[in-house]
Amino acid sequence: MSRTPPTLSTGRLILRPFVPEDVDDLWRTIMHDPEVMATLSLQPQTLAEEQACAAQYIDCYSEPWAQKGYGGWAVTARTDDLAPTGTLLGFCGFERGQIEGEGAEIGYGYGQAYWGKGLGLEAASHATAWYFGAGGHDRFYACYDPGNEGSKRILETIGLTYSRHLDLWGSVARGLGKLPVLTINREDWARKQE
Numbered sequence: 002m003s004r005t006p007p008t009l010s011t012g013r014l015i016l017r018p019f020v021p022e023d024v025d026d027l028w029r030t031i032m033h034d035p036e037v038m039a040t041l042s043l044q045p046q047t048l049a050e051e052q053a054c055a056a057q058y059i060d061c062y063s064e065p066w067a068q069k070g071y072g073g074w075a076v077t078a079r080t081d082d083l084a085p086t087g088t089l090l091g092f093c094g095f096e097r098g099q100i101e102g103e104g105a106e107i108g109y110g111y112g113q114a115y116w117g118k119g120l121g122l123e124a125a126s127h128a129t130a131w132y133f134g135a136g137g138h139d140r141f142y143a144c145y146d147p148g149n150e151g152s153k154r155i156l157e158t159i160g161l162t163y164s165r166h167l168d169l170w171g172s173v174a175r176g177l178g179k180l181p182v183l184t185i186n187r188e189d190w191a192r193k194q195e
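For what it's worth, the working numbering labels the leading residue of the sequence shown as 2, then goes sequentially.
Hints were generated in silico from the structure; no laboratory data involved.
Hints are all accurate, no fakes.
Here are the simulated distance ranges between beta carbons:
no. : residue 1 : residue 2 : range
1   : Ala191    : Ala49     : 43 to 51 Å
2   : Val20     : Val173    : 32 to 40 Å
3   : Thr47     : Ala130    : 37 to 45 Å
Built from N, CA and C at the ideal position, the CB exists for glycine as well.
Sequences are here, hints too, so could you generate the full structure?
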């Protein structure tokens, strides 16, 4: 089980460990855009709340590496095709799960300029392969906001299947109701790869 965040490369992306300088880029790319934040079920009301949210996301995805052997990555452009090389496009990875026995929770988010280009699937597929392969983990889950069909498609394409609806991340209190939860284990993922 890896305790040091690896760097992963895809055809168009580099998934690298977060660095402190990513707070401003994550804020600018994601937290400062109300439409992007709506897909993440977050609605910070002030500039200070947006900036704090960016720092919290980085902490949430960085902290588990040392104890759990998983975490998240800053997703950056590998080539100039999408944006200048090294530009932060979003994030992808695993945070501590809220559901007993289901492992980590996968999450991701990208700046609106990068939607519809297959980046979410590309990064999530590579993160999943690492999680079950070199990461040595057994299972994970995801939830998504009702109506976020793009996220649902990513999760189903990498092999997650519907499990149940649960009140996660305060979804009921925020008026979203219980969120759909999808799960996958290593054996099912390996079968899908054949």
